[in-house]
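Peer 1: Protein chains in written order, with this note's numbering: chain A, 1114 to 1714; chain B, 408 to 574; chain C, 271 to 392.
Just so you know, these hints were derived from the structure itself, not from any lab.
Don't take every hint at face value.
Derived pair list, reagent style DSS-like, types lysine-lysine, alpha-carbon separation capped at 27 Å [said to hold, decoys possible]:
no.: 1; chain 1: B; residue 1: Lys488; chain 2: B; residue 2: Lys514
no.: 2; chain 1: B; residue 1: Lys512; chain 2: B; residue 2: Lys470
no.: 3; chain 1: C; residue 1: Lys272; chain 2: A; residue 2: Lys1217
no.: 4; chain 1: A; residue 1: Lys1589; chain 2: B; residue 2: Lys432
no.: 5; chain 1: A; residue 1: Lys1428; chain 2: B; residue 2: Lys432
no.: 6; chain 1: B; residue 1: Lys470; chain 2: A; residue 2: Lys1569
no.: 7; chain 1: C; residue 1: Lys283; chain 2: C; residue 2: Lys355
no.: 8; chain 1: A; residue 1: Lys1207; chain 2: A; residue 2: Lys1137
no.: 9; chain 1: A; residue 1: Lys1228; chain 2: C; residue 2: Lys355
no.: 10; chain 1: A; residue 1: Lys1641; chain 2: A; residue 2: Lys1662
no.: 11; chain 1: B; residue 1: Lys432; chain 2: A; residue 2: Lys1693
no.: 12; chain 1: A; residue 1: Lys1257; chain 2: C; residue 2: Lys355
no.: 13; chain 1: A; residue 1: Lys1145; chain 2: C; residue 2: Lys272
no.: 14; chain 1: A; residue 1: Lys1229; chain 2: A; residue 2: Lys1447
no.: 15; chain 1: A; residue 1: Lys1693; chain 2: B; residue 2: Lys512
no.: 16; chain 1: A; residue 1: Lys1146; chain 2: C; residue 2: Lys286
no.: 17; chain 1: A; residue 1: Lys1213; chain 2: A; residue 2: Lys1257
no.: 18; chain 1: C; residue 1: Lys296; chain 2: C; residue 2: Lys286
no.: 19; chain 1: B; residue 1: Lys432; chain 2: A; residue 2: Lys1184
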Amino acid sequence: MAQRLNVLVCSGASCLSSGSIEIKKKMLEEIKKAGLEDEIRIIETGCMGPCELGPVILVYPDEILYKKVKKKDVEEIVENHFLKGRPVERLLYKSPETEKLIKKHEEIDYFKKQKKIVLRNCGMIDPESLEEYVALDGYEALGKALTEMSRDEVLKEIETSGLRGRGGAGFPTHLKWKFTKDAEGDQKFVVCNADEGDPGAFMDRSVVEGDPHTVLEGMAIAGYVVGASKGYIYVRAEYPLAIERLRKAIKDAKEYGFLGENIFDSGFDFDLEVRIGAGAFVCGEETALIHSIEGKRGTPRPRPPYPSISGLWEKPTNLNNVETYANVRHIILKGGDWFASIGTESSKGTKVFALSGDIQNTGLAEVPMGTTINELIYDIGGGAPEGKEIKAVQLGGPSGGCITKEYFDTPIDYESLTELGAMMGSGGVIAMSQDTCMVNTAKFFLDFNTFESCGKCTPCRVGLKQMYKMLDKITKGEGEKGDIDKLVELGESIKKTALCGLGQTAPNPVLSTIKYFRNEYRQHIENKKCSAMVCTDLLTYTIDPDKCKACTLCAQNCPVDCIDGERGVVHEIREDECIKCGNCYDVCPFDAVIKTTGELE
Amino acid sequence: MEEAKVKIPDNEYYQKLEEYINEVKHMPGTLINVLHKAQGIFGYLPVEVQSFIADKLGVPYSKVYGVVTFYNFFSMEPRGKYVVNICMGTACYVKGADRVVEYFKQKLGIDEGETTEDGLFTLTSARCFGACGLAPVLMVNEDVYGHVDRDKVSEIIKKYKEKEKNE
Amino acid sequence: MKNLEELRKLREKAQKNIKLRSQDAKIKVVVGMGTSGIAAGAREVLNKFINEINERDLDDVMVTQTGEKGMSSQEPIVEIREENKPTIVYGEMNPDKVEEVVEKHIVNGKVVEEYVVSVEEE
């Protein structure tokens, strides 16, 4: 019997961890109970994007989106919706402005403002089914390239499109391909960087988990152009599901003959292999990544020579990131001109951003280049929760910088972001409100970079450590006058002298927060004050005697026993012994514990 | 390569590892794959195992050691039965992941990277799990927990302690 | 995979499976599936529509369901919605009538007057 409903259960990382598999199981049971198993098909898909609403379920053909579904809701959905045609209203999305229930998922602001090219299939198809990928024009681009276009024609199309590397630096893709194509070598390689190391970025994971074949197809087309018969996908070990899906996709593609020998009877052979990282952020740097595939320590080396001339095993190697490859098939199918019509003068197409931090709609959003930061964080992201104001966004992860609200109307493209002292990076956007301490955030990124420094060059190994020590001092209230200038001086010189991209960009988060939030630094140093109430050493906990009901709860939870008082006797914190863990503040049922910062007036 | 200097115990773990090595030996640059497999089998990578791998792959031991110590994923120390891995991605950090680490330190009485005396828990942190919608997030072995706060930390520890009692 | 022809054949086959998710429906068939509708045989009617439409490969027709419509005496109720045309509501449907409605109304554009219970202007 033909099916009448397709139920898409999002099994992106976020929904998975909030129980989407359990929901799927329960749904299968309930559908069977209701005798609907022939009429309804359940499909596990990749990430749909709105992680904040997870677990998410999308029902076709009505396109009804259910949010925050729990196992106990399943029976009601099957009974009322699948059987009787009445969507379960309490699980529908409600527009935050109008309070109106929204049934159709496309009418939700979060989806409405997006333009999906890279994520087109994510959350729409079963990522483990090659057939579903083919049904949505999968491998048509590869077939077209191999049977109807010359290598130069494909390259020309990529050039016309204006596609630039989505991994961060924005190098024109067609040039990389051309360099590798023109390089001398009996064997050439194509490599995909899926070592998504930036904290707060998870778009590559979503593409690989939600639509693995699109990456394979892009790589095969690149292989055809540059003349490579072998490719590697380098994935981080932290993404086991992505690894599994890629392996399955490669196996299926080989079975159907989209990979392997003599593809489309064109004489072109291409094979792919997955290589797993082992937890080193620096391996996102191309020369380090190549060393890691070779089974060595993932340390970078000076360039030139660039990998397109001498890469994997010293052979010419074309290396692009997941999102870059995912764009390729659409360019071949719809033409470079079509792609170039989207975006800005210098940056074409779309970009996937991962929204997180102090923002309502955490998740993935794909928008045309040139979309403003305002549109991204307010129209799609919904702004900060609880009516707070977003004071800055951090872009480009540990190599990037922050942008303050005065510049939120800047259209996003590679150049405009660099001009503001941030960078596109992989597309992680972290929203920060008044509850975020910029000094502490800079320290967080610097800690990250210091830890991940491979140790090969001195500026990065030693310089970052010194910067970190200074920041640590400042957040502990031990900062001295002149520290800010020292940080800037040291940061600038590391930028100039470090060996690879990691070191050259590592000071950025510090330099950019100093540039825009120098005052917060000053407050930390001069007034020992952290107005975001984040730096624990700058906080003071006291008990308001008028509110204290002498319940002893705080004293019981104090790990260092520095709270005096007993039942009936108002409590008091011995400040000199307090370790500022905040336990008392968290547990007090009467809000009697007061948290303050700065020298008491 | 000289003869192996370390006595290799004749047990099924080593047999399993050797089978795998023979399978992938011919592939170029396969050392990291082998180390992943070995850590999967043994739980960690003691020197004897590293030396065994060096011998079987025909690479210097120094190279194996160099690779093991370079990557965070490989551990030379045995780990607790339950590895509590707290996400320190930016989203989680902004939402208070460092406090979650503090709760665990207090409750378990160990520092990051350490294992409790009973061998039950190891406390570590990791970079982004890509589950930012649930921040702050942590994993205990393969189980993911989202929106973690102080109460949830107590619950999680209790859950695994009870699980242990019942086993 | 030898050529584009072969790929297209595979695609046509595969598209059946995802049709529900990708169609651009011109005609929408809405079956009333309230409790009384189901009691009167709405599920059979719904499934008959789906099978008929699949067998005839009607790509631009979407079958969906809705709750009670408040005309319980005439269940099962089916609406045929088309852009820029009044919505036709058929009553007391059964699988045989479905076949007729698909053949005459959906394929050939002729409303089957004898089963119509109401016509709703857009």
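Peer 1: Give a verdict on every hint.
Peer 2: To see whether the hints hold, each was checked on the structure:
| no. | hint | result |
| --- | --- | --- |
| 1 | Lys488/B to Lys514/B | holds (17 Å) |
| 2 | Lys512/B to Lys470/B | violated (35 Å) |
| 3 | Lys272/C to Lys1217/A | violated (41 Å) |
| 4 | Lys1589/A to Lys432/B | violated (52 Å) |
| 5 | Lys1428/A to Lys432/B | holds (21 Å) |
| 6 | Lys470/B to Lys1569/A | holds (16 Å) |
| 7 | Lys283/C to Lys355/C | violated (33 Å) |
| 8 | Lys1207/A to Lys1137/A | holds (24 Å) |
| 9 | Lys1228/A to Lys355/C | violated (31 Å) |
| 10 | Lys1641/A to Lys1662/A | violated (31 Å) |
| 11 | Lys432/B to Lys1693/A | violated (54 Å) |
| 12 | Lys1257/A to Lys355/C | violated (41 Å) |
| 13 | Lys1145/A to Lys272/C | violated (41 Å) |
| 14 | Lys1229/A to Lys1447/A | holds (14 Å) |
| 15 | Lys1693/A to Lys512/B | holds (15 Å) |
| 16 | Lys1146/A to Lys286/C | holds (26 Å) |
| 17 | Lys1213/A to Lys1257/A | violated (46 Å) |
| 18 | Lys296/C to Lys286/C | holds (18 Å) |
| 19 | Lys432/B to Lys1184/A | violated (47 Å) |
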